[in-house]
Each structure stands twice: as C-alpha cells, then as structure tokens.
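Sequences and hints are given; from them, build the entire structure.
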Amino acid sequence: MSRVFILVAALTAMALPALGQDTRSYTAANGTFEIPVTPQRIVALNDQIVALPLYELGAPVVGSAGRTDADGNHFLRGGMDTLGIDYANTGIEYVGGFNGLDVEAIAALQPDLIIGGPYTDPGVAEQLQKIAPTLLINNNELGIIETMRAFADITGKTGNFEARLQRYRDNVARLRDYLGDPEDISVGLTFMFPEGAEMWVYKHSGNLGAIAQVVTDLGFREPAAITALSTNETNYSAELIQDLDADFIFGFYRQQPDATPANIRAAYEKFAPGWCQALTACRNGQFILLPGPTFGPTMAGLDLALELIESNIAARPFTPFAEAE
Amino acid sequence: MNQMRAPAIVSHKLRAWSGVPALLLALLAVFLLHIAVGAKPLPIQTVIEALTGFDSTNFDHVIIRNLRLPRAVHAIVVGASLSLAGALMQGVTRNPLADPSLLGLTSGAAFAVMVSTALFGAASLALIPWIAMAGALGAAAIVYLIARLVPGGATPLSLTLAGAAISAFLGAVISVIHLLNQDTFENLRVWLTGGLAGRDIALLAYVGPWMALALLAGIVLAARVTLLAMGDEVAQGLGIRTGLLKAQLLAVVVVLSAGSVALAGPLGFIGLVIPHVVRLYVGSDYRWIVPYAALAGAAYLVSVDIVARIAIPPREISTGIITAMIGAPLFVHLVRRRTR
Numbered sequence: 044m045s046r047v048f049i050l051v052a053a054l055t056a057m058a059l060p061a062l063g064q065d066t067r068s069y070t071a072a073n074g075t076f077e078i079p080v081t082p083q084r085i086v087a088l089n090d091q092i093v094a095l096p097l098y099e100l101g102a103p104v105v106g107s108a109g110r111t112d113a114d115g116n117h118f119l120r121g122g123m124d125t126l127g128i129d130y131a132n133t134g135i136e137y138v139g140g141f142n143g144l145d146v147e148a149i150a151a152l153q154p155d156l157i158i159g160g161p162y163t164d165p166g167v168a169e170q171l172q173k174i175a176p177t178l179l180i181n182n183n184e185l186g187i188i189e190t191m192r193a194f195a196d197i198t199g200k201t202g203n204f205e206a207r208l209q210r211y212r213d214n215v216a217r218l219r220d221y222l223g224d225p226e227d228i229s230v231g232l233t234f235m236f237p238e239g240a241e242m243w244v245y246k247h248s249g250n251l252g253a254i255a256q257v258v259t260d261l262g263f264r265e266p267a268a269i270t271a272l273s274t275n276e277t278n279y280s281a282e283l284i285q286d287l288d289a290d291f292i293f294g295f296y297r298q299q300p301d302a303t304p305a306n307i308r309a310a311y312e313k314f315a316p317g318w319c320q321a322l323t324a325c326r327n328g329q330f331i332l333l334p335g336p337t338f339g340p341t342m343a344g345l346d347l348a349l350e351l352i353e354s355n356i357a358a359r360p361f362t363p364f365a366e367a368e
Numbered sequence: 330m331n332q333m334r335a336p337a338i339v340s341h342k343l344r345a346w347s348g349v350p351a352l353l354l355a356l357l358a359v360f361l362l363h364i365a366v367g368a369k370p371l372p373i374q375t376v377i378e379a380l381t382g383f384d385s386t387n388f389d390h391v392i393i394r395n396l397r398l399p400r401a402v403h404a405i406v407v408g409a410s411l412s413l414a415g416a417l418m419q420g421v422t423r424n425p426l427a428d429p430s431l432l433g434l435t436s437g438a439a440f441a442v443m444v445s446t447a448l449f450g451a452a453s454l455a456l457i458p459w460i461a462m463a464g465a466l467g468a469a470a471i472v473y474l475i476a477r478l479v480p481g482g483a484t485p486l487s488l489t490l491a492g493a494a495i496s497a498f499l500g501a502v503i504s505v506i507h508l509l510n511q512d513t514f515e516n517l518r519v520w521l522t523g524g525l526a527g528r529d530i531a532l533l534a535y536v537g538p539w540m541a542l543a544l545l546a547g548i549v550l551a552a553r554v555t556l557l558a559m560g561d562e563v564a565q566g567l568g569i570r571t572g573l574l575k576a577q578l579l580a581v582v583v584v585l586s587a588g589s590v591a592l593a594g595p596l597g598f599i600g601l602v603i604p605h606v607v608r609l610y611v612g613s614d615y616r617w618i619v620p621y622a623a624l625a626g627a628a629y630l631v632s633v634d635i636v637a638r639i640a641i642p643p644r645e646i647s648t649g650i651i652t653a654m655i656g657a658p659l660f661v662h663l664v665r666r667r668t669r
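Each protein sequence line maps, in turn, to chains A and B. Count along the first sequence starting at 1, add 43, and that's the number in the numbering used here. Count along the second sequence starting at 1, add 329, and that's the number in the numbering used here.
Keep in mind the hints are simulated off the structure, nothing from the lab. Because the structure is a prediction, the values reported are computed rather than measured. Glycine residues also receive a C-beta, built at the ideal position from the N, C-alpha and C atoms.
Only some residues are given here: those of chain A computed to face chain B with a beta carbon under 8 Å:
1. THR111
2. ALA113
3. GLY143
4. GLY239
5. ALA240
6. THR277
7. ASN278
8. SER280
9. ALA281
10. GLN285
11. ASP286
12. LYS313
13. PHE314
14. GLN320
Below, the structure written as structure tokens:
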C-alpha cells in the first residue's frame, strides 16, 4: 500500500512542471486534454513517426522511443539520414522502444506533453496520463501532412511548417508542369525486407510516408493490380510480381548494414529470381531504389522524395511501359 | 490360437503394405499439384515445358523451376522430418503429446539461431544448421534434466511439462531479444512464423544430406521403437540396449528438428498430429508408423503450402500459420476420437 502511495506521490511530483503553464484544450484520437499552450518538454513515443517531425519543426523534444542495434546502442530510426540527429548529438533521451516504453524513464524527464499514436499501448498511454497529457495522434488516418500539421498546432510551431509546406506545394505544381500529364505515367511502390522472404506493395494512398504523399500529389497512376488491392498495403506473391510492372517502380534502402542498395537488390533476386528481367521497368533502368528518408514522415523526406522523382522521371527520357492488351 | 493369429498378422501386413503405394501416389500427386498451381495460373503446357526445356528468360518457367519446385522440395523434406521426429519421440517417451515443438527442440533451435544472429550478425548458411542442432540438443538436455530431477523421474507427464516450460521460457527470451534489437529481427519475422517463401536452396544442400541420413536412420531404428514403446524392461528383456537406442534416436530427432527449423523456421503441429493420423490406419507398430509418418508428413506440408500460396492471392500466408490453423483443431478432433 505504501509503495502505491509513494508511486502516486512521485508521479504527482513529476506532473508539477505542467502546473502553472497556460493551457488549452486539444482533441486527439484518444480524447480531449488540457495541454500547455507552449510545451517545453515533449516526449515522443515513436522516433521516426513522432520525434523526427517534431524535431524538424523545432519543438523541444527531451525524450523519444528509439531502436537498439546489434551492439546494444540506441538510435533514432531515420534520424541520421533524414535530419542528421541521434541521441548522441541532441539532448533527446532514450525512453525505450515504441512497443516497450520505459515509463519510469519518461517520468524522470518531467515532460509537460507526451505524444504517441495508434502503435502506443492504450494501457501504457493511460499510465502516462498521470505524468503529463498524453496525446495519441492517428497518423494512419491523418496522412503525413495532416499529422505534421497537428504536431505544428500542438507545439505552436505552425509558421515554419506552413511556409515549408507552401514551398513543397509550389514545387509539386512546377513538377506537374514538367511532367505534362502525370496520369499517363504509372508508378508502383514496393518494399523489400533484406531477408528476401517477403515483399510488400503499397497503394499511393497507403501508409508509406513521404513518397506515397508525393506520388499522390503529383497524380501518377497506379498499376491496375495495385489499385485492385482491397487494402492499402499487403505482402505480395513473388509469382505475381509482373502484375506490378509500370513505367517506374520504386523500392527502398536504408542506412543500415543489412539494408544497403546492394543487399536490397539481392533480396529482390532471392524473393523472385529473374525479377529484373521479368519487369520491363527494371530492364529499362526504371526500377529505382530510394533512400530511407523518402518513406519517412518529415518535410525533409517530402522534399527529398520530390527531388528524386523530378530527377528520375521529369529530367530524363524514359521508356514507357506498354501494358499487354 | 496360432491359426487364428496368422491370418490377422497377414491381413495387417497386407493392409499396411497396401497403404505405402497409395501414400507415395498421394505425395506425387500433391507434389505435382504444388508445381502446377499457384498464385499465377499457368497452362499445364507451360509447366511441362519449364520442367523439360527450361528457359531462364521466361519468367513463367522461372516460377515453376525456381519458385515452386524448390519450395515443394523444402516442404517434402521438412514435413517428412518433423512428422518422423514426432513419431519417434512419441514412441520413445511413450507420450502421445510428444513432438519436437512441445519438448522444446524447435524452440531451442530457433533460440540458438536468434542468439547467434544477435551476437555475430547473420550467421553463414553453413553454420545455421549446426547452430540450430546445438540449440535443439541443449534444449532437449535441459528438458530431460528437469524431468529427471522431479519426483517420479522422466515420465511422459514430467517431460511434457518440462518441455512446455522450456518452450515458453525460450519463446519469452526470443521475444525479449526481438524487443531489444528490432531492426535485426524484423528480417527474421517471416522465418519465426514458419515459412517456406524465399528459402535458400543452398541451405538445403548443406542440411539435406544430414536430414536424409537421419530419416533413413529413423526408419531403420523404427522396429526397436516398437519394443521401446512397451517399456524399458520389456525392451531390455528382448535384448535391446535401451540407453544406446535412446541416444541414437535423440540424435536422429535433433538432426531432423534442427534441420527443419534451419530450413523453414519453427513449424508447429506436424510432428504432433501426423503420427496420430497414421496410427488410425497402421496401429501401434512403429515399423509402419515411422515410414508412414514421413510420407504423410511430407504430403501434408506440401498440401498446406499449396493453400498458403493460393488461398488469398496476391497475398501469401505464412505456411506455419496454416499448419497451426489446421493442426490445432485436427489434434482436438483426434483426441476426442481416441477418448470415445
């Protein structure tokens, strides 16, 4: 009993920093909460989906969930290649994995706001409410732009965000002019795991971060087989890989030892031997591996994805894919 | 009396022998079906051409020769191995619930592969089978030790309970390792659910000969398992060196279980269910149970893998998920049937 009392007292003491701040109501996926008008100490419950866009906005992130590499070192997934940040070169503290949060570590940081998402265990989110208002932002439903807009609104960094978004929109409009009629160009999105046992395919409206947003904004066409999928994303049979053929097919590599461009290409070959010969896009040099930040949910990712699309599709001649009748 | 028994034995032998060609035919049929059907419908003419005049620039031929054929071969080897290993374990431990996964062998092999990957990175193909065998052997030794130490010794019940405990423990440790090192183990996600997609045929070249030897040894030793299943005293009375026989059978089971894990990850229920199914036909004689289990297990896993590939195209389901979905209710049905 006394332990429970001490824990409650400790959690209450941790919550004290939030007292005395101006607050306002904010409605997130898990309810309406009183949050600081200008949060000073934010803990992100996911590195790639929350911490990176928050940091990019200039929000004061003091802690974040992260990953652990084979040597036991913690890192922010996508942090170095997207924004050049990691635990080591920022003041951000590691607070566990997104599905294995360290509640005590979060409490010790005395946050005044905690932000998670649909991947956050609801029970843990309830516990965290005792430390600071914990908002769950459903990034899957909102898409990356509305998620970033929500983060900007929550943190009060809206000016910077809207300016960058406007520049992105201007660049999209310019690129659409270069492309002529993007609806005539088909683009497929695939994701291969380095082990080569499984390949995923994404609809343009799917949850594949910046690249999905860019191909949607540009108005490219999906291969019919992808449009016909009943879900936004799915694993896909190797036998049917030719159904994905398009003018351009994108895959992804990451800044990890096992997910280099060479490893990912080898994984496609292991998954579907002869795949490159089987796909006209690949035979014509129009299967392109993009770097990890292009499927992350940041403005930097959006800008990078847009630039790579521009240089690979608009800035060079390509061989159109002729669909079989 | 003898005159009455003789026709019964002849009849049983006849019945048992008659099942062998039927099972071989069934295995051949599902093997050909596995090659002929898949997510992509292909004319039978193309299938024949791919087998008789392979053209590596024709992706339909590649589907047959490089995707379906190796996968079917993997399914035969793994299905036969797990089923035969289960049959031997049930005979040796006199425990109808024994199988490689329930007694910790599968978890031990999977655990060893996971730990070695965590410590040393992706292990080379040549090392994976040995690592898996070491893990399976270590888990078997711990299960046996625990069962020996409890009052009453290594009974079927204590072995089952110790195996379940070790499997659960190793499963938990695998989860912890996964949690601590998500990026490395994201790649092993499919393998951990038990799958035949994207398996490396080169690995089969490393493991295959050992597994073939173990399958052969299992069939050779099967007759003595029948005696062992009657009890150690009876077997010893009939001249069987039970300690040596158990060690030989353990080696066979470890090689088959670990090889299967290395090839397809931890697949459940095959070693548990298939021996019970074949018992319904051939009775309790392990001379028949063991080869029947191997053939039926191979045919079963090939069939299950067909379902995994074509059930909901363009998606694929992990073969291990289907074996569990079919195996669990099938096992309950068999238990209910036996208890009636």
